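2 protein chains.
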Amino acid sequence: MTNLKNDRFLRALLGETVDTTPVWMMRQAGRYLPEYRATRAQAGDFLSLCKNTDFACEVTLQPLRRYALDAAILFSDILTIPDALGLGLYFETGEGPKFKKTIRTAQDVAALPKLNAKSDLDYVMNAVTAIRSALGGAVPLIGFSGSPWTLATYMIEGGSSKDFRFTKQMMYAEPEVLHALLSHLADSVIDYLNAQIEAGAQAIQIFDSWGGALAHREYQAFSLNYMQKIIAGLKREHEGRKIPIIMFTKGGGQWLEPMIATGADALGLDWATSLADARQTVQGRVALQGNLDPATLYGSASTIETAVKAMLDDAYRHGEKTGYVANLGHGITQWVDPERAKIFVDTVHDYSAKYLG
Amino acid sequence: MTNLKNDRFLRALLGETVDTTPVWMMRQAGRYLPEYRATRAQAGDFLSLCKNTDFACEVTLQPLRRYALDAAILFSDILTIPDALGLGLYFETGEGPKFKKTIRTAQDVAALPKLNAKSDLDYVMNAVTAIRSALGGAVPLIGFSGSPWTLATYMIEGGSSKDFRFTKQMMYAEPEVLHALLSHLADSVIDYLNAQIEAGAQAIQIFDSWGGALAHREYQAFSLNYMQKIIAGLKREHEGRKIPIIMFTKGGGQWLEPMIATGADALGLDWATSLADARQTVQGRVALQGNLDPATLYGSASTIETAVKAMLDDAYRHGEKTGYVANLGHGITQWVDPERAKIFVDTVHDYSAKYLG
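Sequence order for the protein chains is A and B. Numbering-wise, the first sequence is residues 1204 to 1560 according to this note's numbering. Numbering-wise, the second sequence is residues 1204 to 1560 according to this note's numbering.
Don't read these hints as lab results, they were simulated from the structure. In this text, all values refer to a predicted model and were calculated from it rather than measured experimentally. Treat the hints loosely; a few may be bogus.
No distinction is drawn between identical chains; accordingly, a pair holds when it is met within one copy or between any pair of copies.
[Stated by the list, open to error] Result set (BS3-like, lysine-lysine): computed pairs, CA atoms no more than 25 Å apart in a straight line:
no.	residue 1	residue 2
1	LYS1557	LYS1453
2	LYS1301	LYS1365
3	LYS1438	LYS1545
4	LYS1432	LYS1512
5	LYS1524	LYS1557
6	LYS1453	LYS1365
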């Protein structure tokens, strides 16, 4: 089970040499794929897709059948934890995720149950086990969680938000309530991710999707410190291999230095950051992952090739030989033609031989 | 008319010494003020408020009656230009701005009329003249425009957007169409801002509200280059005084170096950027403006004071004596208690004496 046929994704994250640049795509199992839409129609709705082991396993594997991807990522939602804590996650068409219950007061926070991920989120662990078995060692499986800050915004707002009104009111007016919530969530995420690792996840990504909404000092206090706590609490080795941890704060390109201090193995970058500059900043202390604007895939084959080559030139400009995983800077959108995603993946492998071959 | 009683805002933007830190607030004339809501109710709707000289003048002056602000800013909307180009701006309650017509093809772009700001947007120029007269030289008046990129996103999407789907499809699939649109808008903005300067605007801010949605290379090609063209085309002196230009790209904290190259006098920063780091980067080559998270004003008096002091400590950490204008990092929200905004303004003046007095 621990013998991987293709381990270049794990190797690159850990700074070990690779023959070509590993690549995967955030949201690679998603609506842009007709086979995904078909399985989702079978499942009925998005949450049923997540909660059914066979369906979750099937959609996780779909993009691997089409593309030469170097990693699979567990198909699930970032809001499984708040759902398991009793908030009642549901999806309204075109409106994104919503919660029946919100968390707005110290009493709300105090009343949150302690998560037992193995039982409360057994459907996630079942999916991890099933996917690992189905993969048969072809590529590693990434487990993931939302960051405490990102989960908290949804729990406080009751869904997505543009301005994070209630979350920021709590942050500036009652910071101790928000800290209590974040602390509870950090413990929950540790339990959740360790359960994923034990079930078979071979790398972990923490999605801090809304970290970029914070001011620079508040990012450290309300998001980064809790991710650091999580990293310190995770099982870092399993089945005789290190479990690399990727931290991805969307909009966090100005904060690489404090991010490195958390002990993460790799940092995800969005497209606002110059990969060449980021490589100079981190100086090999962590690996980097990213960062093509997913909208690039709306362009022609030659537009995509040119953009991917420029990204790889940035990644290896200073003679680096590893420490880089190609990816989009955020999730692939539903409007991308699947053939264009193939150009992205193949160009990464073909062109990176120039630097690594 | 050119004698200003308080010119510290202009002086700080131009790097001249000041006795205390000048301060204003983005969206200082806005819904958080009960007197604004009253005038708006009188006007009927938001566009009537913008288009009526007396009402626009009245709401511009309202925050100056409450707070010791060092600048007034023309009350208007950033979407006046597309409206004047025939797109039919309207507002749906709670939904933000919308256009009846969108721009999606080369034909749509070619059919756009040439703007004659003095006649097509005479209501803006009338407001500028009336406000200048009403101010009586108390403080300078800021004129403004949206950036070509930001205006283009609204024109292409037909309103606000989360993912800029159609704009980015045009950018990556038909970049020449987008460049034609941006070029037309840059010419329009030059005409519009020069008309504001001639009517009496004493400083200019270009709002690149959505520049941060761009990848780093595309920011240069599709937003910054057009702002640079505008800056080169603006009347930089009027009534015997220099007209300082402030460029504000929300989410642009990683791109200060190329921004400086545009010839802007000052750069606006949002709260994601450390002001201390930004001061080190720009080394006095441009002034900086910003950058308190507007949500800080949800906090207590002491929370606000502490945050303002930390911001000023950052601004003057390296012995600087000018080149800084205090502001929020984005517009003040409708949920702020007006008394809290007063604490922000007064703390800036009081505490900065420590460095400048």
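Outcome of the hint check:
1. In this assembly of identical chains, LYS1557 and LYS1453 lie within 25 Å of each other by CA distance neither inside one copy nor across copies; the values are 30 Å within and 37 Å between.
2. Taking CA atoms no more than 25 Å apart as the test, LYS1301 paired with LYS1365 passes in both settings, with 14 Å inside one copy and 17 Å between copies.
3. Within a single copy, LYS1438 and LYS1545 get their C-alpha atoms no closer than 34 Å, and across copies no closer than 50 Å, so neither meets the 25 Å cut-off.
4. For the identical chains of this complex, LYS1432 and LYS1512 are neighbours neither inside a copy (37 Å) nor across copies (29 Å), given an alpha-carbon limit of 25 Å.
5. For a Cα distance limit of 25 Å, the shortest separation of LYS1524 from LYS1557 inside one copy, 11 Å, qualifies, whereas the shortest one across copies, 51 Å, does not.
6. In the homo-oligomer, the alpha carbons of LYS1453 and LYS1365 lie at most 25 Å apart both inside one protomer (14 Å) and across protomers (14 Å), since each shortest distance falls under that limit.
Of the numbered hints listed earlier, those contradicted by the structure are 1, 3, 4.
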